[in-house]
Amino acid sequence: GNSVTQMEGPVTLSEEAFLTINCTYTATGYPSLFWYVQYPGEGLQLLLKATKADDKGSNKGFEATYRKETTSFHLEKGSVQVSDSAVYFCALSSGGYNKLIFGAGTRLAVHP
Amino acid sequence: DTAVSQTPKYLVTQMGNDKSIKCEQNLGHDTMYWYKQDSKKFLKIMFSYNNKELIINETVPNRFSPKSPDKAHLNLHINSLELGDSAVYFCASSHLSGASTDTQYFGPGTRLTVL
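Heads up: the sequence lines are chains A and S, in that order.
Per our numbering, residue 394 is the first one in the first sequence, and the count goes up by one each step.
Per our numbering, residue 4 is the first one in the second sequence, and the count goes up by one each step.
Keep in mind that the hints are not guaranteed to be accurate.
Claimed, not checked - Quick list of in silico lysine to aspartate or glutamate cross-link-like pairs, EDC-like style, CA-CA up to 16 angstroms: (1) K44(S) - E401(A); (2) K55(S) - D33(S); (3) K445(A) - D105(S).
Claimed, not checked - Chain A residues, not near chain S, derived (Cβ > 10 angstroms throughout): (4) T405; (5) E408; (6) E409; (7) S425; (8) Q431; (9) E435; (10) K449; (11) S451; (12) K461; (13) T464; (14) K470; (15) N491.
Note that these hints are calculated values from the structure, not bench results.
Note that the structure is predicted; figures quoted are calculated from it, not measured.
Positions of the beta carbon are idealized from the N, C-alpha and C atoms, including for glycine.
Let's have the full structure, built from the sequences with the hints guiding it.
Right, dumping it as structure tokens:
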């Protein structure tokens, strides 16, 4: 079945450091890929998405490229801020009914 | 205006009780979902409705019963609550059913604690 694997956290960085959170997937067909972010005490917000191979999603300085050859969708940001501290979820949707399959989430803590 | 809202935000109850969580979306979307987030933050879909019709029903105990009175509302009723039901429940909505490219918009969550 479809699945998503994310790097385990927590990831702890200093402000202005470079961020990579790895995400790989297993899916039949041609999934769409998403990164959602959950700030403390809040619901999930879409961060970015890509719907076909080689697409790059980007938002708020975050980027991720849909790599079909490596079945990956790694999240990157060049310079993190304290306000980026949150839990990040990689997810895929494939086939009918738009059922999101989530990874386990990666907690990011950014220190001044 | 809140796009996807849930009530209550917190729910504390005793084992064996019956409780409901309500969800409303004002985005004009056709499809709504319920997800469960456990204590380790793992998220899993429970149900999905499209225009009041059930289209996804994952392996969920039949103590959980979703109800959609209209396409803007999807409520979750839970009978005979158990300790293991303690979790955060998220409602979500999306414009289209069956479109894997479509973004889902999430509510703020309802934290259920069963004592």
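(request) Kindly indicate which numbered hints from before are broken by the structure, ordering the numbers from low to high. (result) 7, 8, 9 and 15
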